[in-house]
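Peer 1: Next come the chains, spelled out residue by residue.
Protein chains: 2
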Amino acid sequence: MKILEKHKCFDGMLTVCQHQSDVLKCPMKFSVFMPPRLMNRGLNSKIPFITFLSGLTCTHENFTTKSGAYSFAAQNGLAIVAPDTSPRGEDVADADTYDLGQGASFYINATQEPWAMHYQMESYITNELNDLVCNHYSLMKNNQGICGHSMGGHGALTLGLKYPDRYRSISAFAPIVAPTQVEWGQKIFNAYLGDGRDKWLEHDACELMMKSRDRSSYQPILIHQGSADEYLEDHLKPYLFVNACEKVGQKIKFHMCHGYDHGYYFVQSYIKHHVEHHAQIMYGNMLR
Amino acid sequence: MKILEKHKCFDGMLTVCQHQSDVLKCPMKFSVFMPPRLMNRGLNSKIPFITFLSGLTCTHENFTTKSGAYSFAAQNGLAIVAPDTSPRGEDVADADTYDLGQGASFYINATQEPWAMHYQMESYITNELNDLVCNHYSLMKNNQGICGHSMGGHGALTLGLKYPDRYRSISAFAPIVAPTQVEWGQKIFNAYLGDGRDKWLEHDACELMMKSRDRSSYQPILIHQGSADEYLEDHLKPYLFVNACEKVGQKIKFHMCHGYDHGYYFVQSYIKHHVEHHAQIMYGNMLR
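In the order they appear, the protein sequences are chains H and C.
Just add 1093 to the spot in the first sequence (first one is 1) and you have my numbering.
Just add 1093 to the spot in the second sequence (first one is 1) and you have my numbering.
Heads up, a few of these hints could be off.
Identical chains blur together in the list; that is why a pair holds if it fits in one copy or across any two.
Claimed, not checked - The calculated DSS-like cross-link candidates involving lysine-lysine, where the alpha carbons are at most 25 Å apart (straight line), are:
no. : residue 1 : residue 2
1   : K1340     : K1099
2   : K1139     : K1118
3   : K1304     : K1280
4   : K1139     : K1099
5   : K1340     : K1280
Treat the hints as calculated values from the structure; they're not laboratory data.
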């Protein structure tokens, strides 16, 4: 693992790293923000963290430079890992469109060629990168959460639901909640998973939620959505997820934010609430 | 004036605009953040604002996307205008180096060709753009401040000192304070102003300060500087400015920030203090 950049930020430390991924078979970049040590904890204590999954066309950089999250992460004693959104490189399959190929992994493991060779982002995020950051930084593997934006919101909800023992807290900005019902998801799932619709359903947040048993004992899921989001009606449809949550007793804090669009000015406006949501759950876990 | 982007942000509104500059003879972009209306002021009331001048290689975009300023601008009822750092375009003279030509105007009016034709940034910032934003937005022309980073810190200090009736408050991040004494400034001034050193001194913050009469009645100037800034010793030399301020009774709040470098992670870590510095002075002015 190579450190490409290191910047002090809000008395914490932001590093941008590169490593060779065995799972994705290519070099990958990611950033890690470590908050300043809180005075009331020992020097060797580990820190709870979240992984932030970004949206279509993004790299690790968009969240890292534009979210304004680190002020609140520093205040709340939370580390943040921001991975890239797909495998990268000239050898990695790609398409001439922003919503397929590089920058558009949808955080699943592809089974169809030419994608299957490199597009194994579910395994990368939940295992390889998770192990790497927990080993290299003082992060609590058993006290972490997941958050994301748009395609990354889909990633956060689906990985959060598939791996409840790993991710103790979940939140999302303007997530794609029902990819099997919208063009963005259908196009991707057809390419990466083939045309067997049953396979698609395993990666659809609404389907995963509705198939859950009673989830009334789980922590609430936090979602912010802009009302002026240009993708709201065609690709996002967040009410489908609110309904799915209600069916299985999952508590959800859903906020429709008047006049906000889909971009990072929206994300930065509400990131404070997400950092606090995860920190409250994780520091609550530590008191139990 | 054309609006290129418009985003709700912290309940205020961020617009990115383009206009044809008569002074610079080229199209120019800039951003304006308008804070949400404060409840205790009338709908027609104008809002105090600051102009933020960016550093070498930047456009209007760096500050706009990376500074994290708008959260605090919204809280403090302050508008922020972020201009580009030089004239732009294929017809505009340029050089094959980051510290001369496009992205490196030093916010002065060039007198030497090929630069003089377009590089009139002092007039652009203080007159043309100032008039434009005050006319198009509800901004208080008589209650504004100036702030900047690196080359833009030089711009903020020098324009603030040259136009005390215009800029009521001044602050800077890691400013170039003595351009006539360092390579960055000498190279630029020689190209833009010719080799007459007397002309250079009119654009050197330390010289301007030392030539001032008693400045003990002026508002304090706020400066933050990172101690791990790679340009600190060779190009910035902030202590020269602290000394110059002391000679003429100018109050200065100079903060050396341990471990911080020259980039936007440093700026975002301290932008809150700068927004509050300007807002306190400007809202103080309104109570007089």
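Peer 1: Each hint should be assessed against the structure and marked as holding or not.
Peer 2: To see whether the hints hold, each was checked on the structure:
1. K1340 with K1099: neither (46 Å within a copy, 38 Å between copies)
2. K1139 with K1118: neither (30 Å within a copy, 57 Å between copies)
3. K1304 with K1280: Within one copy only: 23 Å inside a chain, 68 Å across chains, cut-off 25 Å.
4. K1139 with K1099: within (20 Å within a copy, 42 Å between copies)
5. K1340 with K1280: neither (28 Å within a copy, 69 Å between copies)
The structure is inconsistent with the numbered hints 1, 2, 5, although it conforms to all the rest.
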